[in-house]
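Let's have the full structure, built from the sequences with the hints guiding it.
Chains as they are written, first to last, in this note's numbering: chain A, 1 to 95; chain B, 96 to 303.
Hints are computed from structural coordinates only; laboratory data are not their basis. Be careful, since some hints might not be right.
Said to hold, decoys possible - When the alpha-carbon atoms are kept at most 27 angstroms apart in a straight line, the in silico BS3-like pairs for lysine-lysine are as follows: (1) B:LYS191 to B:LYS108; (2) B:LYS107 to B:LYS191; (3) A:LYS13 to A:LYS47; (4) B:LYS107 to A:LYS13; (5) B:LYS191 to A:LYS13; (6) A:LYS54 to A:LYS13.
Unchecked claim - Across the chosen pairs, the derived CB separations fall in these ranges: (7) B:LEU233 to A:PRO44: 35 to 43 angstroms; (8) A:ASP72 to B:THR236: 41 to 49 angstroms; (9) A:ASN79 to B:GLY216: 23 to 31 angstroms; (10) A:VAL38 to B:VAL163: 44 to 52 angstroms; (11) A:HIS66 to B:ALA249: 17 to 25 angstroms; (12) A:ARG81 to B:ALA223: 46 to 54 angstroms; (13) B:GLY180 to A:SER71: 33 to 41 angstroms; (14) A:GLU6 to B:THR130: 37 to 45 angstroms; (15) B:GLY220 to A:GLY5: 29 to 37 angstroms; (16) A:ARG81 to B:THR130: 50 to 58 angstroms; (17) A:GLY5 to B:GLY120: 27 to 35 angstroms; (18) B:THR165 to A:HIS66: 45 to 53 angstroms; (19) B:THR130 to A:ALA83: 28 to 36 angstroms; (20) A:GLN52 to B:ALA223: 35 to 43 angstroms.
Cβ atoms here follow ideal geometry from the backbone N, Cα and C, with glycine treated the same way.
Below, each chain spelled out in residue letters.
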Amino acid sequence: MQVGGEVGLGAVKAYTTSGRGLNVEELADLAMRRILTVADTAPPVIKEQAQQFKENIRVLLINYMHQAIRSDRTTLYNNLRGAGFKEVADIILKI
Amino acid sequence: MAITTALCTSFKKEILRGQHIMTVGATVTATASSTVNFTSVSSTDLLTPGMLISGTNIAASTYIARIVSTTAFTASIASTGSISGGTVTYAGNIFKLALFTSSATLGASTTAYSATNEASGVTAGGYALTVSASMPSLDSTTAYMDFTDLVISAVTTTANGCLIYNTEGALNRAVSVHAFGGDKTSTAGDFTVVFPTPDGTTGIIRIA
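As structure tokens, this is what we get:
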């Protein structure tokens with residue numbers, strides 16, 4: 001006799017980039033999958049609100065990730081400059 | 096030669112034997128004084144034999160030998176000194192993800208990691224996965240597991256699929272095989288392995 005029960009396996013996907021790393025928009029999309037999911041079966045009003053909320057969070061994430069990059073470059077600039085690599089430091093700041 | 100998405104058959108038996116500890120690490124408090132007997136444990140709910148533990152006055156490579164009660168366990172090695180309500184950190188097994196080329200033969204019958212036809216340009220043996228917070232978790236009556244997405248940065252490689260395996264005891268027991276649906280190439284870029292949405296219907300490993 002079998003009473004329910006099943007072992008399942010989810011689908012893994014691979015995304016690649018060439019000549020660059022993931023950009024903030026791509027990272028935000030990856031993060032959003034984990035922050036909020038909206039069921040297809042959700043009532044339309046709830047679904048719409050959830051989608052809007054999701055988009056707002058995505059924009060917020062993108063803004064903060066851009067700021068994180070800028071802040072990290074400022075730190076790198078100062079570290080490189082402090083170590084005597086002024087020219088490299090200047091290049092970092094201009095990227 | 097092919098990579099076929101599958102939960103490894105051997106893994107199904109092994110989870111019933113308790114040979115895979117899939118959990119995010121955390122801490123409990125406990126008391127012990129130069130003994131293997133840890134008492135006054137804040138909770139043994141999430142502990143299981145085989146878990147590595149660490150903390151002040153806990154020797155390296157000490158693991159939980161037996162759960163004695165809801166507030167006590169025995170360790171494999173006696174504490175090296177007094178622990179009085181001290182923090183004990185526990186951890187599950189370390190799982191890795193290795194990338195393979197289309198020349199590999201991987202699927203339900205895969206029982207362990209092997210370097211044969213592993214993708215070039217990446218770390219041999221693969222990369223340690225991070226168990227997501229609160230895992231394993233429940234979605235209604237379905238238990239599910241999740242790992243955080245793996246980003247392999249600044250790499251040049253081509254992979255057709257991957258194997259997730261358990262490094263415990265250097266046995267490298269296979270967990271699951273995942274085909275990418277074709278060759279995926281990264282040239283001086285990021286190779287990202289994205290895990291499914293963690294819930295009861297799509298999670299990477301689910302028991303309904």
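**Broken hints, by number** = Of the numbered hints, 7, 12, 19 do not hold.
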